[in-house]
Amino acid sequence: MIIDKDLVAASATPLVLAILSEGESYGYAIIKRVGELSGGELEWTDGMLYPLLHRLERNDLVKAVWAESETGRRRKYYRLTRAGVEQLARQRRQWQVVDQAMRGVWRLAADSASQPA
Amino acid sequence: MVNEGLLEERIGEWRQYFRRRQAVHSADIEELEDHLRSQIDALREAGLHEDEAFLVAVKRLGELDSLSREFANEYSERLWKQLVVSPEIGASWLTAQRDTAAAVGLAIAAGVAIKIPELFGLHISGPRADASFYVRNLSLFALPFLAGFFALKRGLHRRGWYWLAVPFVVAGLVANLMPFKPNSHTETLIAIHLPIALWLMVCFAYAGGQWRRHDQRMNYVRFSGEWFIYYTLIALGGGTLMGFTLFIFRAIGLDAEPALEEWVLPCGATGAVIIGAWLVESKQSVIENMAPVLTWLFTPLFTGLLLIFVVTVLWTGSAIDVEREVLIGFDLLLVLVLGLLLYAISARDSQAPPGRFDVLQLLLVICALIVDAFALCAIAARISEFGFSPNKTAALGMNLLLLVNLGWSAFLYARFLARRISFTRLERWQTAYIPAFAMWTWIVVLLFPVIFNYR
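Protein chains in written order, with numbering that gives the first Met the number 0: chain A, 0 to 116; chain B, 0 to 454.
In case anyone wonders, no lab produced these hints; they're calculated from the structure. Here the structure is a predicted model, which is why all the values come from computation and not from measurement. Cβ coordinates follow ideal geometry from the N, Cα and C atoms, glycine included. Check the hints yourself; a few may be wrong.
[Said to hold, decoys possible] The calculated lysine-lysine pairs, modelled on DSS-like cross-linking and capped at a C-alpha distance of 30 Å, are:
{"no.": "1", "chain 1": "B", "residue 1": "K114", "chain 2": "B", "residue 2": "K152"}
{"no.": "2", "chain 1": "B", "residue 1": "K58", "chain 2": "A", "residue 2": "K62"}
{"no.": "3", "chain 1": "A", "residue 1": "K4", "chain 2": "B", "residue 2": "K58"}
[To be verified] A partial selection of chain A residues facing chain B, derived with a Cβ cut-off under 10 Å:
{"no.": "4", "residue": "E23"}
{"no.": "5", "residue": "G26"}
{"no.": "6", "residue": "I30"}
{"no.": "7", "residue": "G46"}
{"no.": "8", "residue": "Y49"}
{"no.": "9", "residue": "P50"}
{"no.": "10", "residue": "N58"}
{"no.": "11", "residue": "D59"}
{"no.": "12", "residue": "Q93"}
{"no.": "13", "residue": "W94"}
{"no.": "14", "residue": "W105"}
{"no.": "15", "residue": "R106"}
Generate the whole structure from the sequences, applying the supplied hints.
Right under this line is the structure:
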């Protein structure tokens with residue numbers, strides 16, 4: 000299934016923030032986690048994650064540190080800041096409202112589809 | 000594995016290719032490279048040959064062009080250093096030609112405009128010169144054309160054009176309908192403040208109507224700094240040209256001075272405003288190396304000077320002698336320090352951690368604040384003795400405005416050095432403060448002549 004580009008873009012920030020709320024992580028691992036969570040349905044162009052992460056860093060929602068990885072390469076790790084936690088909570092409330100509305104609308108659509116015209 | 004060397008070579012090529020994109024910094028490339036290598040490792044564990052693994056990993060990372068465009072969108076200050084992002088959204092040859100035509104046309108129009116009042120008997124030089132008229136209206140001959148240049152270049156919508164015209168029309172009415180007495184204080188104030196007020200209005204055209212956006216404002220601040228450098232360079236060249244003209248015509252017994260004063264200087268100086276702006280727009284990458292160099296050179300020098308001054312004042316205990324020009328002098332000092340600060344902010348990578356130069360910058364701001372405090376104490380005594388004059392009030396207002404800006408900047412800078420906040424906050428503060436300057440200069444232009452009865 001190909002998911003609409005705007006939908007992917009809108010969900011990217013809350014997804015990344017939520018994944019980071021599980022603990023410190025880095026780009027490749029975040030992409031992998033997104034794949035796991037969506038059962039492989041949500042495909043990102045991997046590189047696009049980085050401008051997003053950098054924007055979050057600029058807005059003080061995440062903090063980044065360079066450290067050595069287990070393979071010995073230098074790697075940039077991201078961690079949620081307090082502002083990031085607050086932002087995640089806000090986004091979560093917003094998405095819950097959207098989610099609820101969508102559920103209602105699907106139920107309506109299903110009902111009217113089952114009734115003969 | 001046999002082809003380990005080949006894989007390294009491939010990754011090296013990929014890195015080289017990426018490095019040519021100016022919107023992507025080397026630290027970003029390193030991060031992406033780590034991603035690429037992780038992906039390759041995973042794919043090879045799944046059984047792919049390293050060639051295939053490399054190709055798949057690069058493909059999944061995304062096309063280099065679209066990726067670097069995404070980075071450029073995220074970092075507009077890097078975009079600034081790179082004229083053309085990509086042929087798709089950057090300036091093509093055709094639009095470059097159109098810009099050139101617009102710039103030259105508007106520069107000529109500005110040069111002609113300044114000669115039009117002559118037709119109505121308002122002479123710009125000579126014994127019957129009407130200096131008063133030109134002092135009040137000077138900015139109105141150049142800046143509307145500059146605003147027009149940007150409005151054209153950014154494709155400002157029709158409503159935007161109307162809004163843009165408002166301040167210029169108001170300025171024209173104020174400068175010419177109010178009954179100023181020649182050489183009065185309020186006239187001098189208009190001459191100083193009107194260009195600043197209108198310059199800040201050009202920001203609206205520069206941002207293509209999106210003047211509320213912080214990144215657009217920051218770009219305008221950058222533009223102003225670079226424009227100043229270009230204009231100075233053009234002025235130096237023009238001065239040399241005029242010097243030689245005088246010299247060679249004197250050799251054949253002709254005096255070229257009237258022609259220079261009547262035509263070359265006024266037309267050249269107004270036209271150069273637009274040409275300078277056009278050069279900044281089209282040659283950003285040439286000049287962008289200059290602002291940081293100037294900052295690096297002069298920040299230590301000015302910090303040293305101010306430190307020595309503060310120590311001397313404290314040591315000798317001599318109070319600042321309050322002449323009429325003193326407050327304006329200290330205003331200029333603060334403007335200069337603010338200018339250095341803005342150059343430094345605009346040239347700085349906002350993600351870089353605090354460094355030694357940041358400490359120096361903070362020291363400079365603090366020294367300027369201390370020196371200004373001395374001056375303010377002295378001036379307060381004088382005002383309580385002689386009351387408010389238009390000059391003193393305007394200078395004092397500007398001084399307080401700058402003081403608030405620099406004081407809060409110093410506070411934010413200290414917090415940044417303590418790693419409590421990110422550098423972006425400092426940028427935001429500067430861009431958010433610009434409307435305060437605009438409001439104050441318009442207050443001086445519109446209200447001061449009336450309040451002080453055209454003194």
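Tested hints:
no., hint, in the structure
1, B/K114 to B/K152, "26 Å, holds"
2, B/K58 to A/K62, "28 Å, holds"
3, A/K4 to B/K58, "18 Å, holds"
4, E23, "15 Å, violated"
5, G26, "5 Å, holds"
6, I30, "8 Å, holds"
7, G46, "4 Å, holds"
8, Y49, "6 Å, holds"
9, P50, "4 Å, holds"
10, N58, "7 Å, holds"
11, D59, "5 Å, holds"
12, Q93, "23 Å, violated"
13, W94, "23 Å, violated"
14, W105, "32 Å, violated"
15, R106, "37 Å, violated"
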